[in-house]
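*Asks:* Going down the list, the sequences are from chains X and E. Position 368, counted from 1, in the first sequence is what this note's numbering calls 368; the numbers after and before it change by one each time, with no gaps. Position 99, counted from 1, in the second sequence is what this note's numbering calls 99; the numbers after and before it change by one each time, with no gaps.
One or more hints might be untrue.
Estimated spans, in silico, between C-beta atoms of each pair [unchecked claim]:
#1 E212/E - N138/X: 22 to 32 Å
#2 G250/E - N138/X: 36 to 46 Å
#3 R264/X - G390/E: 31 to 41 Å
In silico SDA-like links for lysine to any residue, alpha-carbon gap of 20 Å or less [what the hints assert, rightly or not]:
#4 K488/X - K280/E
#5 K127/X - S34/E
#6 K46/E - D309/X
#7 K55/X - V145/X
#8 K280/E - R253/E
#9 K127/X - D111/E
To be clear, the hints were calculated from the coordinates, so they are not data collected in a lab. Values in this document were obtained by computation on a predicted structure and should not be read as measured data. Built from N, CA and C at the ideal position, the CB exists for glycine as well.
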Amino acid sequence: MANISRRRFVELSAKGAALASIPIIFNANPLMAFAPGLEGEGKLDAYMKHFGVDKDLMQKIMSIALEKGGDYCDLYFQHSIGNYVALEDDAVNRAYSNIDFGVGIRVLKGDQVGYSFTEEITPEAMKLAAKTASNIANSAPTAKVVDLRMEVTPNYYPIKTLWEDVTIDQKIPLLLKINETMKATDKRVIKSSVSFSDDNSYMMVATSEGTIACDYQPMTRVGGSCSAEENGRRERNGFNLCGRQGIEFLTEANLARIGTESVRRTVALFEAIKPEAGEMPVVMAAGSSGILLHEAIGHPMEADFNRKDASIFSTKIGKPVAESIVSIVDDGTNPNIRGSLNVDDEGHQTEKTYMVRDGILESYLHDRISATHYGLKPTGNGRRQSFRFAPIPRMRNTYMLPGPHTKDEIIKSVKKGIYVEQFTNGEVAIGAGDFTFFVKSGSLIEDGKITKPIKDINLIGNGPDVLTKVTMVADDFKMAEGGWTCGKGGQGVPVSMGLPSIKISSITVGGINS
Amino acid sequence: MNKSERLELGKWAVTFAKKSGANDVAVNITNDRSIEISYRDESLEKLQESTQNGLSLDVYADSKYSSHSTNDLRKDSLEKFISEAIAMTKYLGADKFRGLPDPKYYEGRKDINLDQVDHNHSSITSKQRVDMAAELQKLTSSKSDKIVTCTAGCGDGITESVKVQSNGFEGTNARTYFYLGAEVSLDDGKGGRPEGWRYRSTRHFDELPPAEELATPCVEVALSRLGQTKLESGRYDLIIENIAGNRPLGAMRGAMSGGALYQERSYLEGKLDQPIASDKLTIIDDPFIVRGRGSRLYDGEGMATRKRTILEAGVLKQYFISAYYSRKLEVEPTTAGTSNVIFGTGDRDMEAMIASMERGILVTRFIGGNANSTTGDFSYGIMGMLIENGKRVKPVNEMNISGNLIDFWMSLSEVGNDPHIYSSTRTPSMYFKDVEFSGL
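Chain X with its partners taken away, still in its complex shape (with noise of 0.2 Å):
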């Protein structure tokens, strides 16, 4: 296991740079700041030099942010490094790099948000975005800020190399294993592309409450993609793995599995129908399903919507929401999955949030303006973008718990009606509860067996109407594989999501009519 106290920036040689992924540039930080063998206070030390700041100069820029009577500071300092190469006509011939690096404050008078980021970590520019995010509030100064102290926090994504630590030559081979597994996989394949990408942050968090947390956040997501034509019929797929891993993630198996899953999920369209339009039963596989569960109750359980009473769920905390089996949970805590966090990015811990417990609503996901509002403790649910944004109530890996059932007996369950496997994309409106979600490919059933394949429907529903139709859940549960970016207020978070198989007893399915 590498952690980031271990961890040196490497002053890179030329050819050392070349090799690396990424170029690291910035010159007046100290490269040297990760000195090896450090914990606890050495590894806050070697976060702070690589920022340019210490704890005096923090606290001095939220004193100034607090002069116009603000009640509550923080600075949220991030370096993100990401990396992305990509196969076209069987070559590895396109990179792209990105570097970001900057520090954002802000201040909070109440529910009121003043915001201002520099891209420039000196003490004159961070006092103009003090300034400047100090407007919100119009009165004599009322928060003082308290000592810092660092927050020590798990490491729920240990990993292996740090990608800093990987050199794109070792990546190129990977990317054709993957692409030489699609062409002789099938010979129907005739086009084929394979990306590969790395984004990783390094993040440090300061509150004028005195907390401050620091955090390296690795990410990857590797996918095949090909086209594939039958009797001048053609169709594209995919299939990616994506978590906070690091490079030892990409085994034999784990390649094989994205070049062969690629193709079969590409050709199994040559086969597949539009269903029949209207409400029936559905059936949905045990893992990315779980886009159900972050459209039709995460978002609308975001306690931003609920605060300012906008959600469809505004009124309904300890009501029951569904049947007693039925348990979904918002979870930080899960060891290398995408949207699991060791510290969000308002310096909290995460922890497993129960939305649903036994059919009744427990939790919405809070932020620290949420958490204040409604008197409770946050739930470590405040993310956002990058420093350019002030942090809102965002998903981490939504899921549900497993049920009674098996997979079995809610197949044979169906008389008639669909069973979907992958999915694109989704969409919900928070205070009608209409959602949506793409299901790209699945099957029909029919009394009671799975048969012919299905394509390119879209299913919707209304989320409170959807959950008291969940009427069976299987023991089979499964998180996502693949790499999904939650958008909300132009704001991208990486998220997961996970369901054992359910059975929803009605939902409308965008079919043809018969």
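The hints should help you fit chain E onto chain X, whose structure is shown.
*Replies:* Here is chain E on its own, set in the frame of chain X:
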């Protein structure tokens, strides 16, 4: 950094990159300054002010290509950034099709004023912004006693950029932008909170509409969604309101790209000069509209923009082909993206079309759904209104429309005269015959 300093930095980066081993290089430098304000239920909710910089670098070295971006524009940092980007590129596989556009495509850049900058921008005060958002919120909230929360917001900014390419291209660009809008949630008496919103965005401050023009329709939309239900599955005529028309259009547009054609995932492959929509559909890409949201004199690769016909009476007249895919597909490049998308319009507005509809569904919002660009099959969720005998009868929701994009666009029977001008894609309202709906 001012415009000439940015240009100097761009030229320096190009020279440095060539000296460091790149055969060709494209550099873009942008600076954006923006302010956003929101006002909710009688108090200031959020104030955000920010400045950001970015430099992106496309490297072409030994027939290899990569692209990099950073927000640290200090020269010593950039030297290291550029050297490492070039060194890294050399590890990639060769791609003989990569390269800057032939400089002949830079020629013919128009020298006209598209009026993209409001020179009064910097004189707008914080108080003006707060007052504007507050006035809109208060006016909107006063429109109905069913409103549980109302937020109004405004914002503005300026984006300035320079582009320098090593085979002879230089360009500078600046744009201001403004927006104003409101959103409300209503209590439907049954726990539901139907929403409505109206936003407008413009290049100039004085083009923003008065608060009344946003407040009334914002609340009307929300009120019109009270008591939504789904209807029987079946085939219905369909009117799409002008502000909602982007989704099925975007699906067609995606299939016109060089990348989709090359990867053989476009249902429009081989369809050039063939009908792909009804003869009611004519679409022009016009980069030269004064104050237009998508106006530009050169495109993302530096190629001089031209007014282009995309569809003429339903016949596909061009694809969107970048320099790279033009070489791979052995065709002339056009441009990789749209500027202002302008529709040939009809004689009547949406209300007149509704009045002539016997029975059908007016769609005011799409929700979710997607299209398969390889086959053209699509399925989208909708919200809207049942129309009978020319009148709005009841609100509908929880329904999907489905079909194939070719059949769907062939069923377009009328285009309104009411393009939505506050967007670079100026969709009018559109009438489609006999569309597949799923509901009950």
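*Asks:* Hint by hint, where does the structure go against what was stated? Just the numbers, ascending.
*Replies:* Violated hints: 3, 4, 9; rest satisfied.
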